[in-house]
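Assemble chain C onto chain H, guided by the hints.
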Amino acid sequence: MGRYSAWSLLSNAMTRQRKWPRVWRNPAPAPRYEAIVVGGGGHGLATAYYLAKEHGIRNVAVIEKGWLGGGNTGRNTTIVRSNYMMPGNTLFYERSVRLWEDLSRELNYNVMFSQRGQYNLCHSPVQLDAARRRGNIMRANGIDAELFDRDTIRRRLPYLDYSPTARFPIQGAIYQGRAGTARHDAVAWGYARAADSLGVDIIQQCEVTGFIRDGNAVVGVETTRGPIRAAKVGLAVAGHTGQLAARAGLRLPIETHALQAFVSEPLKPMINTVISYGAAHFYISQSDKGGLVMGGDLDGYNSYAQRGGLPMVEHSLASAKALVPGLSRLRLLRHWAGVMDMSMDGSPFICKTPANGLYLNGGWCYGGFKATPASGWCFAWMLARDEPHADSANFTLDRFREGYQIDEKGVGPMPNAH
Amino acid sequence: MLRIDCPVCGLRDETEFTYGGDATVVRPNMSEADLEPWLSYVFLRNNPRGAHKEYWHHVQGCRQWLIVQRDTLTHVIGDCVLSGDAPRNGPAHET
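Residue numbers (the numbering used here), protein chains in the order written: chain H, 1 to 418; chain C, 1001 to 1095.
Please keep in mind that the hints were generated in silico from the structure rather than gathered at the bench. The C-beta atom is built at its ideal place from N, Cα and C for all residues, glycine as well. Any given hint could be a false lead.
[Stated by the list, open to error] Derived list of chain C stretches under chain H, where covered just means 3 residues or more per stretch with a C-beta under 8 Å from a C-beta of chain H:
id, stretch
1, 1009–1019
2, 1035–1044
3, 1068–1074
[To be verified] Some chain C residues well away from chain H (every beta-carbon gap over 10 Å; in silico):
id, residue
4, Asp1005
5, Cys1006
6, Ser1031
7, Glu1032
8, Val1059
9, Gly1061
10, Cys1080
11, Leu1082
12, Ser1083
13, Asp1085
14, Ala1086
Next up, chain H with everything else stripped away, as it sits in the complex (with noise of 0.2 Å):
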């Protein structure tokens, strides 16, 4: 597989596009491999690359029930930020911000990682008085955030509602200049195809039934194409962790629950940054076809079902036409959920698990995408090491037993509110 660059773009236009080499292998499961990842999300295949890369494991396969990136990574509305402020993620998420700047050299793959802002709006004096010391302590640890008045807001995004009829007036926000967006599919294919070229194994349409045991170590997994076995085993299947793990004897502090998004048709240049309403949980920002990507609540009840309810379609473009009266004879083009993790203090894991050998990366919440690279990087830290990197050392198991919750939003152990 060759790089991608000027030249084999003019070369390949010379043979009329006929003679680009396959992006990834589709190998045969070899009976045995170092390490194996399981789950070809971002996560996973970003996890594969790192050890590949950073700690010379190679000899590692992915392994996939459906494609690459078909399950969250394709289904989340594309936002990367780090305006995080509890000890444990905010240098998590920093990490993985820095990563993304670098991304696409990285993998010589356009993740399309475009750094177009994201405001937080504030709607009341005591919201702008917590963004104030969210920013603090943003910036307390080397994170970029500034704090805007209405006047400015105004200024800079002048098509939401700032009448007196406005239901949560906008009094502010918080703005992480170094936020963005980035083309999700781009970013499992890029990690495939750069963990592909370092020999890792990308195994799909293969599932984990099951794990080999001896003793208390899980030493492998059955498949639906056989046993595979490795001395260790991560999970990387945010979304049906708690299920995968239950294979193991393992109960966990996750609930799954969906969560939706949605497309509009498209629209001329209109919202060139991310904006995420104070008021109700919502979020939007254009894609670079024009359509309006949207997100909002879980549907709030546990579900494991690929696809939402209609009283959160109107919840969220209740709230989009609040925040954005222009919108409200737009048309909605597609709309679809993921099946989340939701964490008992909505934040992840990256950990050992009590089976000798395996490996966790789950309970990722709403906060997936965005720690697709730290994500990899920790979690392949993990399996190469056998210790904790110092970033994700907090996202363990234990914490809930001993008193050490991460809850960002301080709302306590109900998975369906964080």
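Chain C only, in chain H's frame:
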């Protein structure tokens, strides 16, 4: 739209209800001093992909707490009873 057959009010839209989570979780006896049962009660869930017994509060109707059987994969709703009528399988309401 889920439609829940409330034993008091009849068939109603999900928007009248508030979700209350897994109904198989049972609070330990208040005299329980061991950490594990409380850890399990507060934080750990079976999270099944399929049949799920769950609480719903008919907050914009009769205001009763219900226990509803629902499939988390298909969203098909089965039995629905008043929480107070459901058989107790643990010490949750002992004093």
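Cross-check of the supplied hints:
As drawn, the stretch 1009–1019 of chain C meets chain H at 4 residues by the rule of a beta-carbon pair under 8 Å; at three or more, the given contact holds. For the stretch 1035–1044 of chain C, the stated coverage by chain H holds: 6 residues have a C-beta nearer than 8 Å to a C-beta of that chain, and at least 3 were required. Counting residues of the stretch 1068–1074 of chain C whose CB falls under 8 Å from any CB of chain H gives 4; the rule of at least 3 is met. Non-interface status of aspartate 1005 of chain C relative to chain H is upheld: no Cβ of that chain comes within 10 Å, the nearest being about 16 Å off.
For cysteine 1006 of chain C, the non-interface assignment is confirmed: its Cβ lies about 16 Å from the closest Cβ of chain H, beyond the 10 Å cut-off. Serine 1031 of chain C, annotated as away from the interface, keeps every beta carbon of chain H farther than 10 Å; the closest lies near 21 Å. For glutamate 1032 of chain C, the condition that its CB be more than 10 Å from all CB atoms of chain H holds, with the nearest at approximately 16 Å. Interface exclusion of valine 1059 of chain C from chain H stands, the closest Cβ pair being 13 Å apart, more than 10 Å.
For glycine 1061 of chain C, the non-interface assignment is confirmed: its Cβ lies about 16 Å from the closest Cβ of chain H, beyond the 10 Å cut-off. With a cut of 10 Å on Cβ distances, cysteine 1080 of chain C stays outside the contact zone with chain H, its closest approach being about 14 Å. Non-interface call for leucine 1082 of chain C relative to chain H: holds, since the shortest CB-CB distance, roughly 19 Å, exceeds 10 Å. Distance check on serine 1083 of chain C: its Cβ is at least 16 Å (rounded) from any Cβ of chain H, clearing the 10 Å threshold; non-interface status holds.
Every beta carbon of chain H lies more than 10 Å from that of aspartate 1085 of chain C, the smallest distance being close to 22 Å; the non-interface claim holds. Distance check for alanine 1086 of chain C against chain H: the nearest CB is about 18 Å away, which clears 10 Å, and the non-interface claim stands.
Of the numbered hints given earlier, the model fails none.
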